[in-house]
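Asks: Each chain, written out:
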Amino acid sequence: MEMKLPLCPLSAVDERINLTEQALSLDSAFSLIRSPDYGAVVLFAGTVRSLEDGKPIHGIIYEAYTEMAVKEIKKIIAAAEARWQVKLSVQHRLGYVPTGEISFLVSAAGKHRPEAFEACRFTVDEAKEKVPIWKAQYLQEKQGVE
Amino acid sequence: MSAKFLFFAQCADWMGRKDMEISCPNPIKIKELLKKTEILSPLVNKKDFLKVAVNQTMADLEKEVCDGDEVAFMPPFSGG
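One line per chain: the protein sequences are D and G, in this order. So for the first sequence, the numbering used here puts the first residue at 1; every next one is plus one. So for the second sequence, the numbering used here puts the first residue at 1; every next one is plus one.
Here chain G stands alone, though its shape is the one from the complex (with noise of 0.2 Å):
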């Protein structure tokens, strides 16, 4: 299976690109992916400030990543 993973704002300056189709095990916890991904490896120590949504709602690090979701880590918002 493949998910969809898109970086935003600081997120992308940390991962170097904006959107990315990783391979995973089907279903897998988003923790775990972070921690089996060497290419997500540059968010692993940003856990704690990074905020995560699966198909554009917000989730934890908990949530389960299936096959065709799109997953967006986003540092926290400072609209307005």
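If we strip away everything but chain D, and leave its shape as in the complex, we get (with noise of 0.2 Å):
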């Protein structure tokens, strides 16, 4: 009897979860949920813009409430699971991140591509509504932090 090996298996949701300081990849964030059982994958990456409020910025410092951040993600990670029978990695960066590059990222893999955005565009904004995760410094161009 021939055995079928997944290409890729699917990853326990503690490691579809990262709060890390280091630089977010979207490969990884791919790697993490996809598998031959799913045809669509949808990404969603936050990054830094260089204007806040009008004024330049090089960065934002970002602070969390690990644990309980971890917690809730999980419950969001959850929700959306069950509802659209989806796979879904969800990571933040924290501390000092540069503009122009990733804070946020998402990734849903669906069966299809509906339940894929769905699926993102609820995680995305569940996360920025319920994570205890915050801008904790705007630091400015040439003029140190505000």
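Fair warning: there could be bad hints in the mix.
[Said to hold, decoys possible] DMTMM-like, lysine to aspartate or glutamate: derived pairs with alpha carbons at most 25 Å apart: (1) D/K128 - G/E38; (2) G/K47 - G/D19; (3) D/K74 - G/E21; (4) D/K135 - G/E32; (5) D/K75 - G/D69; (6) D/K71 - G/E70; (7) D/K130 - G/D19; (8) G/K46 - D/E129; (9) D/K55 - G/D13; (10) D/K71 - G/D69; (11) G/K47 - D/E126; (12) G/K46 - D/E63; (13) G/K18 - D/E129; (14) G/K51 - D/E67; (15) D/K130 - G/D48.
[Unchecked claim] Label pairs and their in silico Cβ distance ranges: (16) G/E21 - D/F30: 41 to 51 Å; (17) G/E21 - D/H112: 23 to 33 Å; (18) D/P114 - G/N45: 43 to 53 Å; (19) G/C66 - D/L26: 18 to 28 Å; (20) D/A40 - G/E64: 43 to 53 Å; (21) D/R121 - G/M58: 14 to 24 Å; (22) D/D37 - G/K35: 54 to 64 Å.
Rather than coming from a laboratory, the hints here were simulated on the basis of the structure. Note that the structure is predicted; figures quoted are calculated from it, not measured. By construction, the Cβ of each residue, glycine as well, lies at the ideal position given by its N, Cα and C atoms.
Fit the two chains together into the complex; they arrive one by one in their own frames, and the hints show the way.
Replies: The following block contains the structure:
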């Protein structure tokens, strides 16, 4: 009998949540959720803008209540995965994030694109509302810390 | 009894610290604690703005604090 191995086994939910001071990778967001079971992958990347309230900045310092943030992200992922039968990954960068770099990364894999798009949108919106992470400081260009 | 208090983002700025232990009667509602504990006074006029979590679960100011609880005061979330 032929044994069929998955191309890439799905990770446990803990491995699909990442709060880190390291740069976030689109490749990792994709590889964490890809599977031959799914035909659509949607990636959302939030990046740091160069202007905040009309003033040029060179970066943002993010802060989190890490233990609670992980719990809240797990709840959001569980709700979305149950509703749309998708697989999700949520990552957020902490500490200093320079302008133009990725601060927030959500990826959703679904059988078809509608559920992948909807689950990704839901997860982004819920995370912004319910996960205890803050933009603690905006670092202005040439003017030091605001 | 005592509980651990955590202050995040602007709340840490207002308090001048990120955490502290506070001894208090057991049980006591968070709103009463804010009213009666002088050291928490920088947060009192921010009550409408504050988010509160007890043991990493969102709570309101009516929630009672018990021995060993972890109480977090937080501004509105702004990740993303």
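Asks: When you check the alpha-carbon spacing of D/K128 and G/E38, does it fall within 25 Å?
Replies: violated, 33 Å
Asks: Using the beta carbons of D/A40 and G/E64, state whether their distance is inside 43 to 53 Å or not.
Replies: About 47 Å separates the Cβ atoms of D/A40 and G/E64, which means 43 to 53 Å holds.
Asks: With a cut-off of 25 Å on the C-alpha distance, tell me whether D/K71 and G/E70 pass.
Replies: holds, 15 Å
Asks: Hey, D/K71 versus G/D69, does the alpha-carbon distance stay inside 25 Å?
Replies: Within the cut-off at roughly 17 Å; holds.
Asks: Take the C-alpha atoms of G/K47 and D/E126, compute the straight-line distance between them, and say whether it is at most 25 Å.
Replies: Holds. G/K47 to D/E126 sits at ~23 Å (cutoff 25 Å).
Asks: Need the status of pair D/K55, G/D13: alpha-carbon distance at most 25 Å?
Replies: Holds, because 22 Å separates the two Cα atoms, which is no more than 25 Å.
Asks: If you draw a straight line from the CA of G/K18 to the CA of D/E129, is it 25 Å or shorter?
Replies: This hinted pair holds, its Cα atoms lying about 23 Å apart.
Asks: Taken at face value, is the distance from the CA of D/E63 to the CA of G/K46 at most 25 Å?
Replies: Judged against 25 Å, a Cα distance of about 20 Å means the pair holds.
Asks: Within 25 Å, alpha carbon to alpha carbon, are D/K135 and G/E32?
Replies: With a Cα-Cα distance of about 30 Å, the restraint between D/K135 and G/E32 is violated, given a limit of 25 Å.
Asks: Range first: 43 to 53 Å. Now tell me if the beta carbons of D/P114 and G/N45 are that far apart.
Replies: holds, 47 Å
Asks: Has the hinted range 18 to 28 Å been met by the Cβ atoms of G/C66 and D/L26?
Replies: violated, 45 Å
Asks: Keeping to a limit of 25 Å between CA atoms, is the pair of D/K130 and G/D48 held or broken?
Replies: holds, 17 Å
In this structure, the hints that do not hold are numbers 1, 3, 4, 17, 19, in rising order.
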